[in-house]
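Engineer: Chains as they are written, first to last, in my numbering: chain P, 1 to 235; chain C, 1 to 297; chain G, 1 to 130; chain B, 1 to 236.
What the hints contain is simulated information worked out from the structure, not anything from laboratory work. Just so you know, not all the hints are guaranteed correct.
As the list claims (entries may be wrong) - Capping the alpha-carbon separation at 16 Å, the derived lysine to aspartate or glutamate pairs in EDC-like fashion look like this:
hint, chain 1, residue 1, chain 2, residue 2
1, B, LYS18, C, ASP101
2, P, LYS24, C, ASP88
3, C, LYS54, B, ASP229
4, G, LYS99, C, ASP263
5, C, LYS173, G, GLU48
6, C, LYS268, G, GLU103
7, B, LYS22, C, ASP263
8, B, LYS10, C, ASP101
9, P, LYS35, C, ASP88
As the structure is a computational prediction, the values presented were derived from the model and not from experiment.
Here is how the chains run, residue by residue.
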Amino acid sequence: MKATFFLFFMPLLLVAAIFLLLSKLSKKIKIWTPKRIMIGITGYLVLGLTAFLYISFFAESKIQVLSPFEMKQLEKKLEQIQKYDLENDSSYLTEDYKKKTWELKYEGDTLPVIVNGDDSGSNYIIRMRYKDNIDSGKAIVTYYQLPVILDGIDLSDKVPLPNVYMAHNELFIESLSEQQVNYDRIKPTLSILDFNREVEQEPYAMDYSYSNVLIIDIPRSTVLEDSQGLVQYIR
Amino acid sequence: MNIIQCEDLSKSFGRRNALQHVTCAIDAEKIIGIIGRNGAGKSTILNIIAGYIKPTSGSCKVFNENPFNNIQTAANMIFIDDRLSFSDYLSLEDILKFGADFYPNWQSELAYRMLDYAGLDLTAKHQQLSKGQLATFNLVYGLVSRCALTILDEPMNGMDEAIRTDFYRAILKEYLAFPRTILITSHHLQEMESILEEILLIDKGSIIAHAPLDEFKEQLISLSGPSDALADLLSETEVYAQTIVAGMTSAIVDTSKLFVSEDLLRSKGITLSHLTASEVCKYLTSKEGSDIDAIFD
Amino acid sequence: MKGGFSMHVHLDSTTPIYIQIAEWLQHEIIADRLQADEKVYSQYQLAELFNINPATAGKGLTILLDEQLLYKKRGLGMFVATDAKERILTKRRNEILTKMAQELVLEAKRLLVSDEELLVLIRKTQEGLK
Amino acid sequence: MQSLTNISLKTIVKKQVKWKAKLYISALSSLVILQIIFGILLSSSGSTSGYGRGNLSVQFSIYSLDMFLIVSAFWAFIVAILFTTKAYRIDDLSVISSRTSSAIANIFVMIIYSFIAVVIMISTFYLKVLEILLVEKQSFIIENLFISPSILLLCFSSICLFGAIGLLLGTSFKGPTLIKVPIIVLLLIFISLVSINLNSLMMLPDLIISVIYLFVSVLCFCLTIWIADKSEVSRK
Numbered sequence: 001m002k003a004t005f006f007l008f009f010m011p012l013l014l015v016a017a018i019f020l021l022l023s024k025l026s027k028k029i030k031i032w033t034p035k036r037i038m039i040g041i042t043g044y045l046v047l048g049l050t051a052f053l054y055i056s057f058f059a060e061s062k063i064q065v066l067s068p069f070e071m072k073q074l075e076k077k078l079e080q081i082q083k084y085d086l087e088n089d090s091s092y093l094t095e096d097y098k099k100k101t102w103e104l105k106y107e108g109d110t111l112p113v114i115v116n117g118d119d120s121g122s123n124y125i126i127r128m129r130y131k132d133n134i135d136s137g138k139a140i141v142t143y144y145q146l147p148v149i150l151d152g153i154d155l156s157d158k159v160p161l162p163n164v165y166m167a168h169n170e171l172f173i174e175s176l177s178e179q180q181v182n183y184d185r186i187k188p189t190l191s192i193l194d195f196n197r198e199v200e201q202e203p204y205a206m207d208y209s210y211s212n213v214l215i216i217d218i219p220r221s222t223v224l225e226d227s228q229g230l231v232q233y234i235r
Numbered sequence: 001m002n003i004i005q006c007e008d009l010s011k012s013f014g015r016r017n018a019l020q021h022v023t024c025a026i027d028a029e030k031i032i033g034i035i036g037r038n039g040a041g042k043s044t045i046l047n048i049i050a051g052y053i054k055p056t057s058g059s060c061k062v063f064n065e066n067p068f069n070n071i072q073t074a075a076n077m078i079f080i081d082d083r084l085s086f087s088d089y090l091s092l093e094d095i096l097k098f099g100a101d102f103y104p105n106w107q108s109e110l111a112y113r114m115l116d117y118a119g120l121d122l123t124a125k126h127q128q129l130s131k132g133q134l135a136t137f138n139l140v141y142g143l144v145s146r147c148a149l150t151i152l153d154e155p156m157n158g159m160d161e162a163i164r165t166d167f168y169r170a171i172l173k174e175y176l177a178f179p180r181t182i183l184i185t186s187h188h189l190q191e192m193e194s195i196l197e198e199i200l201l202i203d204k205g206s207i208i209a210h211a212p213l214d215e216f217k218e219q220l221i222s223l224s225g226p227s228d229a230l231a232d233l234l235s236e237t238e239v240y241a242q243t244i245v246a247g248m249t250s251a252i253v254d255t256s257k258l259f260v261s262e263d264l265l266r267s268k269g270i271t272l273s274h275l276t277a278s279e280v281c282k283y284l285t286s287k288e289g290s291d292i293d294a295i296f297d
Numbered sequence: 001m002k003g004g005f006s007m008h009v010h011l012d013s014t015t016p017i018y019i020q021i022a023e024w025l026q027h028e029i030i031a032d033r034l035q036a037d038e039k040v041y042s043q044y045q046l047a048e049l050f051n052i053n054p055a056t057a058g059k060g061l062t063i064l065l066d067e068q069l070l071y072k073k074r075g076l077g078m079f080v081a082t083d084a085k086e087r088i089l090t091k092r093r094n095e096i097l098t099k100m101a102q103e104l105v106l107e108a109k110r111l112l113v114s115d116e117e118l119l120v121l122i123r124k125t126q127e128g129l130k
Numbered sequence: 001m002q003s004l005t006n007i008s009l010k011t012i013v014k015k016q017v018k019w020k021a022k023l024y025i026s027a028l029s030s031l032v033i034l035q036i037i038f039g040i041l042l043s044s045s046g047s048t049s050g051y052g053r054g055n056l057s058v059q060f061s062i063y064s065l066d067m068f069l070i071v072s073a074f075w076a077f078i079v080a081i082l083f084t085t086k087a088y089r090i091d092d093l094s095v096i097s098s099r100t101s102s103a104i105a106n107i108f109v110m111i112i113y114s115f116i117a118v119v120i121m122i123s124t125f126y127l128k129v130l131e132i133l134l135v136e137k138q139s140f141i142i143e144n145l146f147i148s149p150s151i152l153l154l155c156f157s158s159i160c161l162f163g164a165i166g167l168l169l170g171t172s173f174k175g176p177t178l179i180k181v182p183i184i185v186l187l188l189i190f191i192s193l194v195s196i197n198l199n200s201l202m203m204l205p206d207l208i209i210s211v212i213y214l215f216v217s218v219l220c221f222c223l224t225i226w227i228a229d230k231s232e233v234s235r236k
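Just chain P, with the same shape it has in the complex (with noise of 0.2 Å):
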């Protein structure tokens, strides 16, 4: 009930409170004769009417949004990612996802890995693999970032990086601070109504954590130390 009050009694009386001003206000003001007060609102929506010309033609939204369908396809592929990775099949990975590449020098046949998370866990998963063209005392990390949808946009790009690095003959990789990203939605809808609706579905977000894949390459003659049990063996 207070929420309701709120909602709808606050506008209204607020509505109501400067619509009085005004017309108190323009009944001091004596210019305002019916002829200017029809020229204004047809200059204001002549105004309006110039504002959507200019987004239509001047505005090109460099975000693209995804359709419904769009997503849903999306999704079907992500179920598929989840899946080669529960196979450890690294098959996936395309070069379309390779985001950056590390090269790192180490010394001896081990390779101790230390992952600093953040307290939000990991946002990312890491899997070793062994490759056979690499010279030994050389690690490739390889960082892929599958779609991130949220809500239609594509965030993939927002995503921060892991910081990789070498120190102490040790990997470290680190993930950054949180970072937030902002955007402006233009929805020419109601809100009201599509929250409501969309309640009862389940919104277009997706499960983010398996959208961002380290590689570790190393040659075989290497071990991999990984004392935190979160890098797995991929083929």
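Assemble chains C, G and B onto chain P, guided by the hints.
Structural biologist: Same frame as chain P, now just chains C, G and B:
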């Protein structure tokens, strides 16, 4: 032909009876003065005729139709009083265009000439006018609309003395040019009586007289002469007012109950004099023994 | 010059207006401003002239019509009867003069003026006006 | 006897609508100002929804038509009540009119104004969009620039509904007591019923909601005319 026909008309506001069993008929194309004290019921009957309010009982027919909320009545009737109001956004000139759009018999030229004569600025707003100017404008508005039934409720209120006479003449001339039924109420019967054809006198919610002006005036007569000569005469007729000063009596009596010839009266040293219409009204509506002098006794 | 009268005619408020109108018309006839067989003012003209209700003016005309001082031509209006002036004068002589004489005698009695004195006064007044 | 003027109710209503639409236009200018105040100045951030995923937190500022519609609907309600107040009613008496013709004319003006209000609303929306575009160039997402016809119809019917309720309320207050009390009670029951079932109402498709709103509006309009037909003029 009767333009207004009221039968056993009563109206009460809560407990107050504003009109009680009024029956009257008003002919077409007459100028009729509706006279009465404040609160006598003038406005109530005018409001019923105009179709603004509903009678509590009885019937009222205007143009043979029930006037209440009737568009036909509204189309042929205009009600002018000091509460006539127009939108803030209209200048006087706009108001004239406004009226011309609605009233089919509208006289634009005449309106301009009359307002020019009264010295009203056409670019002024209705609300900005002084009380007298407002009354002038409203009256012009009422006249040029040329409605078959024109109700003027205190049309001269607040007008200058000089312009009042002019506008009574204006009413008459407009009436001559386009005969219509005009109902006028005024506190100043004296200044308008010459243009009236009939008088309708209302008191305490009832019509106590409805007659052509001259008949109305002759209803009462003033007699004055030696008290002893008048005493017998007065006992036989209805006396409305009486004053005795130093053996001389003057009295207002009902003419219809006076069966004595003028010559006989004169021979007794009694002089007869006519009353003005407003005096007749005053005596007809004054309560028994209600004399301002009585308060000071 | 018909229009010029309105300014000079003042109606008093106690005598009935229609009687004043009838009297004014009779006065116009006596003064030859309205000739025999001339068309008289219509009730509307009178209304405008005196600023009175046309019905009242009509009543004034009716009085003269009833006394046959005016006659009606259908569709044309009212006209002054040929002998109107004569008849008005006779009537005035009979009615008004009698009435005035009555009042004069009564007043003389009140003021204790003897009959002879009154007759002398009348004669003197007549000579004075010659 | 001068012949009487014969004028049909339709002619008079037409004339009244013509004049009223012109003379009450300051109501529309106040809507423009209200829209600018509420839609552009006050709601600078739009409604926000945030998502946190790992070390990425995403915040969406959503600019929808809601605020513009709420302001327009409340505006319509207030304007409708204003139309039935003394100042406006007395003005009607200065020309050929009856309570019925005035009520019908008010209804038409309300409908016309509701339509214009939708156009003003859209205009403000695009101006708001332009403002966001110029201020926040980078993070600007246009999901759809065109407003769908069903949403437009819904906006129109909502504004119309609020106007209709306003007219009915305002007219009821001046109506005979015998009618006034049940109408106001009925209206209160209706409003409380709607606000209780608001959620299930909003689950319906846009078009169905519009039809319900328009139906209730028409009902209110009919009641308004009926009450006006029974009302006396009160000039106190």
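Engineer: Next pair to validate is C:LYS268 with G:GLU103; report whether the Cα-Cα distance is within 16 Å.
Structural biologist: holds, 12 Å
Engineer: For a C-alpha distance cap of 16 Å, please report whether B:LYS10 and C:ASP101 respect it.
Structural biologist: It holds: about 14 Å lies between the C-alpha atoms, which stays within 16 Å.
Engineer: Below or equal to 16 Å on CA atoms is what counts here, so check C:LYS173 against G:GLU48.
Structural biologist: Measuring from Cα to Cα gives roughly 7 Å; hence the hint holds.
Engineer: Are the Cα atoms of B:LYS22 and C:ASP263 separated by 16 Å or less?
Structural biologist: Roughly 72 Å separates the two Cα atoms, so the pair is violated.
Engineer: Below or equal to 16 Å on CA atoms is what counts here, so check P:LYS35 against C:ASP88.
Structural biologist: Within the cut-off at roughly 14 Å; holds.
Engineer: Tell me if the straight-line CA distance from P:LYS24 to C:ASP88 falls inside 16 Å.
Structural biologist: Cα-Cα ~12 Å, so holds.
Engineer: Between B:LYS18 and C:ASP101, is the straight-line Cα distance small enough, at 16 Å or below?
Structural biologist: With a Cα-Cα distance of about 10 Å, the restraint between B:LYS18 and C:ASP101 holds, given a limit of 16 Å.
Engineer: Can the restraint linking C:LYS54 and B:ASP229 be considered satisfied, given a maximum Cα separation of 16 Å?
Structural biologist: Measuring from Cα to Cα gives roughly 12 Å; hence the hint holds.
Engineer: G:LYS99 and C:ASP263 were given as a pair; does the straight-line alpha-carbon distance stay at or below 16 Å?
Structural biologist: Answer holds: G:LYS99 to C:ASP263 is near 10 Å, not above 16 Å.
Hint compliance for this structure: hint 7 is the single one not met.
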